[in-house]
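> If you read the sequences in order, they're chains X and C. All residue numbers for the first sequence refer to the working numbering, where the first residue is 1 and numbers rise by one. All residue numbers for the second sequence refer to the working numbering, where the first residue is 318 and numbers rise by one.
What the hints contain is simulated information worked out from the structure, not anything from laboratory work. One should not assume that every hint holds.
Just the calculated beta-carbon pair ranges, DEER-fashion [unchecked claim]: (1) Glu737/C / Ile150/X: 36 to 44 Å; (2) Lys502/C / Thr63/X: 40 to 48 Å; (3) Ser85/X / Ala483/C: 18 to 26 Å; (4) Leu178/X / Lys503/C: 57 to 65 Å; (5) Phe17/X / Gly668/C: 54 to 62 Å; (6) Asp514/C / Gly26/X: 42 to 50 Å; (7) Phe17/X / Lys539/C: 35 to 43 Å.
PhoX-like mimics (lysine-lysine), calculated; alpha carbons at most 20 Å apart, straight line [unchecked claim]: (8) Lys100/X / Lys560/C; (9) Lys556/C / Lys170/X; (10) Lys660/C / Lys693/C; (11) Lys502/C / Lys443/C; (12) Lys560/C / Lys170/X.
A virtual CB, placed ideally from N, CA and C, is assigned to each residue, including glycine.
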Amino acid sequence: MLSFFARRVSLSLVTLFLLSIMVFLGGQVLPGNVGRAILGPFADQRAVDALNHTLGVDRPLLTQYATWIWNFIRGDMGTSYIFRSPVAPFVIDALGNSMKLAAVAFVLVVPIGILGGVIAALNLNRPLDRIISLGGLSVTVLPEFVTGIILILIFGVWLRWLPISAAWPKNAGFFTQLYYLILPSVPLFLVLFGYIARMARSGMIEALDSDYTRTAVLKGLPWRTVIWRHVLRNALLPTITVIATQTGYLIGGLVVIETLFRYQGIGSLIFTAARGKDFPMLESGILTIGIVYAVATLIADFLYSVLNPRIRLGSDQ
Amino acid sequence: MSKNYRILDLIRRNRSPLENHLIDGLVDGRISRRDFIRHGSLLGLSLPLLGGITTAAGLGGMPSLARAQGAPGATIRVGSSVPAATIDPVTIADAGGLLILQQVAEFLCVDGPDLVLKPALAESWKPNDNGTVWTFKLRKGVKFHSGGEMKADDVVASIDRLADPANSSNALSVFTGILQKGATKKVDDYTVEFHLDAPNGNFPYMVSSDNYNAVIIPASYKGDYEKSFDGTGPFKIEKYTAKVGASFVRNEDYWGEKALPERTEFTFFADMQPQILALQGGQIDIINQMPVLAGVALLNDPSVDIISLKSVAHQQLHLRCDSDPFKDPRVRRAIALSIDRDKLVAGLMKGRASAGNDSPFAPAYPSTDTSVPQRKQDIAQAKQLMEAAGAGKGFKVTLTTERYLEIPEYAQLIQNWVKEIGIELELNILDQGAYYGDAVFGKSNWLDSVMGITDYGHRGVPNVYLAAPLKSDGTWNAAHFKNKDYDTLANSYIAALDLEAQKADAGKIQKLLLEETPVIFGYFYDYLTATAKGVAGVQPTAMSQLFLEKASKA
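Taking the hints into account, I'd like the entire structure generated from these sequences.
Structure, rendered in structure tokens:
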């Protein structure tokens with residue numbers, strides 16, 4: 001078990017290291033340069049050169065990378081080129097906000113999605129199954145900006161029930177924050193519901209069709225016990241993996257939702273950093289998401305191995 | 318109304334020959350009242366004096382500047398684009414950032430919505446005989462938010478800081494060839510002289526709100542503007558949160574009339590769509606700058622008012638004059654003749670624009686020679702020109718441009734129009750960063766492309782447009798246009814102090830550019846600000862500034 005996790009952790013570290021190099025190099029191939037991005041296309045070249053020198057982006061690439069990664073490892077994310085202040089508070093704030101939004105979306109979608117999948121599987125090929133499967137599929141393919149705008153128009157502009165901006169007032173308490181997060185979390189719910197329900201449904205169908213379920217039923221166990229003890233436990237394994245991979249999406253890929261609802265998440269932070277060639281912000285932001293993603297995957301692996309010892313034992317052989 | 322020569326003579330008595338020539342132009346009918354007021358303000362004549370002269374000339378006085386005062390004490394909420402970088406008067410370059418800067422800090426003079434220069438921190442100004450030295454008299458008793466009085470030393474330091482190449486100054490491109498570091502001199506505590514590199518008849522615009530970096534801040538400024546937000550403006554900073562927003566409160570020590578609103582709040586939006594929804598949803602009162610295509614939904618919304626300013630912002634279509642297929646000016650003219658400008662104004666810009674005549678002289682400029690005929694679509698003539706140039710069979714060429722505002726749609730329209738004269742246009746629409754590249758020749762799609770469309774913001778005078786993209790040594794000369802006659806005319810225009818001399822040069826430049834057509838100026842679009850019904854007294858400028866001191870809510 002320990003060596004299984006040691007191997008998983010070291011693999012994650014190698015992945016993160018490679019990610020840091022790719023992000024750094026990716027940032028360098030963006031057209032234009034930092035000084036030009038800050039001062040604009042019509043600025044005098046002497047001013048651009050002076051700014052590049054002040055920011056240190058005219059140093060050799062290797063020096064820039066080494067300085068950044070060494071500082072990052074020691075917990076210093078560097079200074080933003082654009083805001084001329086430390087990167088860390090921006091990334092931490094944005095990550096916290098993204099996690100709040102992700103948490104609200106998860107709390108809504110995970111139980112409802114699993115329940116939907118389970119109900120669909122138990123009503124296989126009946127109208128209820130078709131409604132859940134087709135309905136889930138339909139809402140999953142709707143882009144977030146479409147559902148987002150429709151929701152804003154209905155609940156924000158026409159009815160004026162909910163705030164259309166997710167940026168809550170300062171010093172807002174838990175419930176106020178929750179109130180502001182309702183609208184932005186619905187499009188995420190819609191995108192993820194079909195996905196999670198479908199995974200839960202297929203897992204359930206497979207488990208219901210398996211020998212151990214048949215044995216349990218033949219043993220004369222009550223139906224409820226069969227479902228809870230034998231079917232669900234096995235059916236939800238692939239769903240856990242799906243949920244873990246969606247964590248990365250929810251934490252780092254919400255640029256559209258964050259822009260639409262004016263939400264200060266890490267997705268929009270990285271997007272604006274890329275546009276402004278704010279490399280310390282861009283690199284630290286992406287690496288932070290990489291870390292979150294790696295941790296989520298590790299947790300999923302852990303849960304998976306606890307629920308299914310074959311994985312753990314198989315990898316130990 | 319009849320002319321009152323007795324008063325006119327009295328006014329003339331203390332005026333310089335240049336000012337008297339302007340007055341003569343008005344009295345003799347060579348200059349319109351509107352042009353007289355604009356040019357008079359440039360020469361530093363006060364608005365009451367200008368009004369006195371127009372009354373004496375029998376043309377009526379100045380329109381009353383006093384607005385209906387709304388109720389004081391409101392909180393005015395504004396939606397704006399996100400400042401692209403830290404707020405620093407020296408480096409700032411984007412609309413979102415300069416909007417915030419302008420809330421706290423002020424300029425020597427303000428280029429108003431009608432392109433009339435109005436005094437602000439400077440009470441008056443005047444040039445020497447040849448326009449090489451401009452003397453500005455400063456307002457007395459103006460206090461910075463930090464407490465000290467604004468004096469000549471602060472003006473000298475503020476402008477010198479911008480003219481210094483070592484400071485990463487965004488205003489350097491405005492001052493290059495005009496004003497160097499050290500050329501701003503203090504005469505006494507309330508008088509400053511600008512000693513220019515060459516005569517310049519439009520210089521006051523370079524230190525007005527037209528040059529958005531040119532706010533006056535304390536001489537002691539060392540950077541870190543976001544820690545102080547020190548300025549002389551009618552509002553003081555309350556809170557600034559990067560990427561989120563800012564709020565301001567009334568400055569009770571303001572030198573002028575105190576602001577009506579108690580507070581102002583600025584909310585930053587990364588995109589226009591959420592901003593429009595926020596206005597419709599009642600979460601903001603004003604959208605500072607609304608591009609016409611993105612804001613179509615608001616143009617006919619009865620709960621929204623649109624403030625529309627005639628600006629000279631435009632999209633330049635350049636054609637490389639130094640290489641095929643645009644080496645021959647007849648081919649360039651043929652392209653210009655294939656464009657339907659009426660459709661651009663009415664269709665693409667929903668009527669919120671003025672047709673361009675292939676020179677930077679927009680209809681809004683007082684120096685524009687309006688007798689030069691407007692170029693119109695003429696496919697037959699365009700085909701003849703193509704034949705004459707030996708390009709009758711047409712050719713294939715790439716139009717490279719940026720994904721910004723309505724430019725992709727504009728490019729598609731051009732693609733359709735030039736097809737009629739046999740030109741097959743391939744569109745290469747890039748992200749803005751990729752289009753501008755390093756913004757130097759050899760490393761920029763903008764400056765190196767055979768044909769391209771580039772966005773140019775508003776300017777109160779055409780000097781920048783005449784020099785950088787069109788002069789032989791122009792730093793933004795994407796058309797690679799090299800013409801000695803043009804250079805001489807542009808220099809002469811820039812140096813001219815007298816409106817009639819400017820007009821004469823403008824006419825010659827307009828005709829030369831119609832003949833050569835290195836750049837197609839299809840239209841000049843209006844600057845739009847949207848406000849919720851009941852919000853009054855809001856004064857935007859086409860430079861993205863927003864003056865809120867007279868704003869109120871019903």
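> All hints, please: hold or fail.
The hints, checked one at a time:
{"no.": "1", "hint": "Glu737/C / Ile150/X: 36 to 44 Å", "in the structure": "holds, 41 Å"}
{"no.": "2", "hint": "Lys502/C / Thr63/X: 40 to 48 Å", "in the structure": "holds, 43 Å"}
{"no.": "3", "hint": "Ser85/X / Ala483/C: 18 to 26 Å", "in the structure": "holds, 23 Å"}
{"no.": "4", "hint": "Leu178/X / Lys503/C: 57 to 65 Å", "in the structure": "holds, 59 Å"}
{"no.": "5", "hint": "Phe17/X / Gly668/C: 54 to 62 Å", "in the structure": "holds, 57 Å"}
{"no.": "6", "hint": "Asp514/C / Gly26/X: 42 to 50 Å", "in the structure": "holds, 44 Å"}
{"no.": "7", "hint": "Phe17/X / Lys539/C: 35 to 43 Å", "in the structure": "holds, 40 Å"}
{"no.": "8", "hint": "Lys100/X / Lys560/C", "in the structure": "holds, 19 Å"}
{"no.": "9", "hint": "Lys556/C / Lys170/X", "in the structure": "holds, 11 Å"}
{"no.": "10", "hint": "Lys660/C / Lys693/C", "in the structure": "holds, 11 Å"}
{"no.": "11", "hint": "Lys502/C / Lys443/C", "in the structure": "holds, 15 Å"}
{"no.": "12", "hint": "Lys560/C / Lys170/X", "in the structure": "holds, 14 Å"}
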